Amino acid sequence: MTIDLNPLSEAVIKGNIQAATQEAQKALDGGGDPQTILDQGLIAAMDIVGQRFAAGAMFVPQMLRSAKTMQACVALLKPAFQAGTVSSKGTVVMGTVKADLHDIGKNLVAMMLEGAGFTIIDMGVDVPPEAFVKTVSEKSPEILGMSALLSTTMPAMKATIDALKDAGLRDKVKVMIGGAPVTAKFAGEIGADRYAPDAGSAVAAAKELLQTS
Amino acid sequence: MDNLPIPTFQPRLKVLDHRQALAIHTAALEILEKTGIKMENDRARKLLVDAGAKPFDTDWLRIPAFLVEAALRSAPRQILLYDQNGDKAMALRDDHFFFGTGSDTTFTLDLESGQRRGCVLNDTGRFARLVDALPHFSFAMSMSNPQDIPKIEFIYVYTFAEMLRNTNKPIVFIADRLEDMRHIHELACMVAGGDAALRQKPFILNYSEAISPLRFPAHVVDRLMFCAEKEIPICLPSGSNAGGGAPVTLAGALALGIAENLAGLIIHQLTRRGAPFLFGPNVSVLDMKSTVVSYGCPEWSLTQAALADMRDEIYGLPIWSFGGATDAKVVDAQAGAEAMFSIVTAMLSRCNLIHDVGYLEYGSTSSLEMVTLADELIAMARHFLKGIPVNRETLALEALDRVKSAGTRGIFLTDDHTFEHFEEALFLPELLDRSRYDAWMAEGGQDLYRRSNAKARSLLETHRLEPEMDAGLNDEIEALLQRI
Numbered sequence: 004m005t006i007d008l009n010p011l012s013e014a015v016i017k018g019n020i021q022a023a024t025q026e027a028q029k030a031l032d033g034g035g036d037p038q039t040i041l042d043q044g045l046i047a048a049m050d051i052v053g054q055r056f057a058a059g060a061m062f063v064p065q066m067l068r069s070a071k072t073m074q075a076c077v078a079l080l081k082p083a084f085q086a087g088t089v090s091s092k093g094t095v096v097m098g099t100v101k102a103d104l105h106d107i108g109k110n111l112v113a114m115m116l117e118g119a120g121f122t123i124i125d126m127g128v129d130v131p132p133e134a135f136v137k138t139v140s141e142k143s144p145e146i147l148g149m150s151a152l153l154s155t156t157m158p159a160m161k162a163t164i165d166a167l168k169d170a171g172l173r174d175k176v177k178v179m180i181g182g183a184p185v186t187a188k189f190a191g192e193i194g195a196d197r198y199a200p201d202a203g204s205a206v207a208a209a210k211e212l213l214q215t216s
Numbered sequence: 020m021d022n023l024p025i026p027t028f029q030p031r032l033k034v035l036d037h038r039q040a041l042a043i044h045t046a047a048l049e050i051l052e053k054t055g056i057k058m059e060n061d062r063a064r065k066l067l068v069d070a071g072a073k074p075f076d077t078d079w080l081r082i083p084a085f086l087v088e089a090a091l092r093s094a095p096r097q098i099l100l101y102d103q104n105g106d107k108a109m110a111l112r113d114d115h116f117f118f119g120t121g122s123d124t125t126f127t128l129d130l131e132s133g134q135r136r137g138c139v140l141n142d143t144g145r146f147a148r149l150v151d152a153l154p155h156f157s158f159a160m161s162m163s164n165p166q167d168i169p170k171i172e173f174i175y176v177y178t179f180a181e182m183l184r185n186t187n188k189p190i191v192f193i194a195d196r197l198e199d200m201r202h203i204h205e206l207a208c209m210v211a212g213g214d215a216a217l218r219q220k221p222f223i224l225n226y227s228e229a230i231s232p233l234r235f236p237a238h239v240v241d242r243l244m245f246c247a248e249k250e251i252p253i254c255l256p257s258g259s260n261a262g263g264g265a266p267v268t269l270a271g272a273l274a275l276g277i278a279e280n281l282a283g284l285i286i287h288q289l290t291r292r293g294a295p296f297l298f299g300p301n302v303s304v305l306d307m308k309s310t311v312v313s314y315g316c317p318e319w320s321l322t323q324a325a326l327a328d329m330r331d332e333i334y335g336l337p338i339w340s341f342g343g344a345t346d347a348k349v350v351d352a353q354a355g356a357e358a359m360f361s362i363v364t365a366m367l368s369r370c371n372l373i374h375d376v377g378y379l380e381y382g383s384t385s386s387l388e389m390v391t392l393a394d395e396l397i398a399m400a401r402h403f404l405k406g407i408p409v410n411r412e413t414l415a416l417e418a419l420d421r422v423k424s425a426g427t428r429g430i431f432l433t434d435d436h437t438f439e440h441f442e443e444a445l446f447l448p449e450l451l452d453r454s455r456y457d458a459w460m461a462e463g464g465q466d467l468y469r470r471s472n473a474k475a476r477s478l479l480e481t482h483r484l485e486p487e488m489d490a491g492l493n494d495e496i497e498a499l500l501q502r503i
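If you read the sequences in order, they're chains C and D.
Just so you know, my numbering puts the end of the first sequence at 216, numbered straight through with nothing missing.
Just so you know, my numbering puts the end of the second sequence at 503, numbered straight through with nothing missing.
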């Protein structure tokens, strides 16, 4: 039985939480497969949102509203999944580095990644290398994302990568970095896997790193 | 008997009336009294609670309005900044305005290649020296976050020392840790001739920031209290940017930024009554496509014009402001347009200390060319601000009689009156080009960016400080840098 997921996708793109949750519930009640609703109704919609945003046709508050709409639908879908059968694109641990308290950029990246189907573990701000290592060791994420706004806190990114090496974890996780003073050159110098200049390209980079679409 | 001269009205911009100002101010008070602030500094929290603030949750305080009023009353209405020779340089008060550069940019436009590259310490020196040379710049800031510092954790001490060596004008500096502040204070005392001399004739001002919304990190407040104790003038603008750390509607962003600023002022005045505090938040906007904090937007000009009006209506304290900056990545038409917009409005509103002149790329890149051309933009705006003096000489009726008598050959260009008055009456541009096309082509057909580049190079080559730093003092400074 095929369920028309277009109304759901449209509602997500428009950021209409009420309509979207209604459509998601309708799809579930109609016997729709939760993973299909997630992939084709929600993530596909967020992909379009991402493209429109990259093209300058949508603004950040609208993109965030779409992400919020998607999350409301995901909350509806969760009980319908059997334990352990929700497949996400991967887990990303995110944090702003030690001595740095800025997080708007990191939060936007986290929301965009979530919208794209990744699972996010947000460690907040002022995260020392040891804390990153501990979480990577415990949660085995596919990606570690670090953010810094101050050029004086950027060295903590290198310290974290070195700490991962010391703990024997460096080759178990991909490292992405970003933030106003960060550059691709710096990423190369400290041995990070990728640098992304903004939230949109961070999603593309994450997909590319994990070779997923 | 001659009648009294007609005073010349000087154009002034007003963007807010008394009722708006009062509504924003009372909203700020309500934020302090009902919402509260997060005070992560133990010493300051105790100071506030002892004075009457009410603690709740972890680190949160509600601050009663009477503390605001007391602080506004004890803070000085005039902050005098001197230059490094001990002469009065900037009287920060009511309608006096002063322009200067901005703080740490990660990148700079290379003067020789035009490339955008990471900053080095030499850039800090060059920007300071250029400010020293340009007549419409009153103070220097680092315009760089140099990457080639031997001990990177002391970056702010090194940049401060580099500015000392390359300008005698006042310096607005930033610091991170209390340790940085102590070293910078020590350096400033070397120049001024001791702590007492520095208090008497401060040539420095610290720029620190609380974090919107409502957050006061411990180390930021340490710096605030240090400056109060040492009577180092300080500003504590939070970046209450519309749509980011503050509401997207400007009245709300202003109210929040002002509330945060008042909280800082209270701590400052409780620490040392009467210490100098430069008032005001940075209220720009978060760009809704790129999420950068915009340095070219009209909103920031509007909010600081509003702040200037609120200064005149309510606060009475001199204010921290910005101007002459852009979101453009290169020195192009956008850069010129945005820089001129904020220069003109800042001047028309009589903002007091106007920083960030010469910024490209929303503060990520600095440009010596931008600084150089902005000097002329400021001069142009200044000329407008002088208004139109109306008196017998300027009405020039006698000159008209002469030209009339000269018949068909009569023209003002050749008249004595023009010779006597043209330098005062007219704005005479240097960088802004008005030449005829062929003449312009003969000179190489250069745009403003290239012409500014040439002027910047020339100034950097020829300008000498008056005086250049004394060798003994330079050694003392170097000794401190080696020691830390």
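Just so you know, these hints were derived from the structure itself, not from any lab.
If you're wondering where the values come from, they're calculated on a predicted model, not measured in any experiment.
One or more of the hints may lead you astray.
As the list claims (entries may be wrong) - The following label-pair restraints were derived from C-beta to C-beta distances: (1) 88/D <-> 127/C: 45 to 51 angstroms; (2) 107/C <-> 83/D: 44 to 50 angstroms; (3) 451/D <-> 64/C: 53 to 59 angstroms; (4) 169/C <-> 352/D: 39 to 45 angstroms; (5) 453/D <-> 187/C: 41 to 47 angstroms; (6) 463/D <-> 168/C: 19 to 25 angstroms; (7) 191/C <-> 352/D: 42 to 48 angstroms; (8) 75/C <-> 169/D: 50 to 56 angstroms; (9) 94/C <-> 49/D: 40 to 46 angstroms; (10) 107/C <-> 24/D: 52 to 58 angstroms; (11) 480/D <-> 191/C: 42 to 48 angstroms; (12) 54/D <-> 213/C: 40 to 46 angstroms.
As the list claims (entries may be wrong) - Below 27 angstroms or equal to it, Euclidean Cα-Cα: the simulated DSS-like pairs (lysine-lysine) are: (13) 73/D <-> 17/C; (14) 81/C <-> 188/C; (15) 33/D <-> 71/C; (16) 405/D <-> 33/D; (17) 92/C <-> 308/D; (18) 170/D <-> 188/C; (19) 210/C <-> 405/D.
Backbone N, C-alpha and C define an ideal beta-carbon position, used for all residues, glycine too.
Given a hint of 41 to 47 angstroms, does the C-beta separation of residue 453/D and residue 187/C actually sit inside it? Because 43 angstroms falls inside the window, the suggested range holds.
Restraint status (C-alpha distance of residue 73/D to residue 17/C at most 27 angstroms): Measuring from Cα to Cα gives roughly 44 angstroms; hence the hint is violated.
Do the beta carbons of residue 107/C and residue 83/D sit within 44 to 50 angstroms of each other? Cβ of residue 107/C to Cβ of residue 83/D: about 31 angstroms, so the range 44 to 50 angstroms is violated.
Do the beta carbons of residue 94/C and residue 49/D sit within 40 to 46 angstroms of each other? Taking Cβ atoms as reference, residue 94/C and residue 49/D lie about 43 angstroms apart, which means the hint holds.
So does residue 463/D sit 19 to 25 angstroms from residue 168/C, Cβ to Cβ? violated (55 angstroms)
Could you see if the CB distance from residue 107/C to residue 24/D stays within 52 to 58 angstroms? With a Cβ separation near 55 angstroms, residue 107/C and residue 24/D satisfy 52 to 58 angstroms, so the hint holds.
Hinted pair residue 81/C and residue 188/C, Cα distance within 27 angstroms: Violated: residue 81/C and residue 188/C sit about 41 angstroms apart, past 27 angstroms.
Go ahead and decide if the range 50 to 56 angstroms is satisfied by the Cβ distance of residue 75/C to residue 169/D. Holds, at about 53 angstroms.
Can the suggested window of 40 to 46 angstroms be confirmed for the beta-carbon pair residue 54/D and residue 213/C? Roughly 42 angstroms apart at Cβ, these two residues keep to the hinted range, so it holds.
Is the Cα-Cα distance between residue 92/C and residue 308/D 27 angstroms or less? Within the cut-off at roughly 26 angstroms; holds.
Look at the Cβ atoms of residue 88/D and residue 127/C and judge whether their distance stays inside 45 to 51 angstroms. Roughly 37 angstroms apart at Cβ, these two residues miss the hinted range, so it is violated.
Tell me if the straight-line CA distance from residue 210/C to residue 405/D falls inside 27 angstroms. violated (59 angstroms)
The earlier numbered hints that this structure contradicts are 1, 2, 3, 4, 6, 7, 11, 13, 14, 15, 19.
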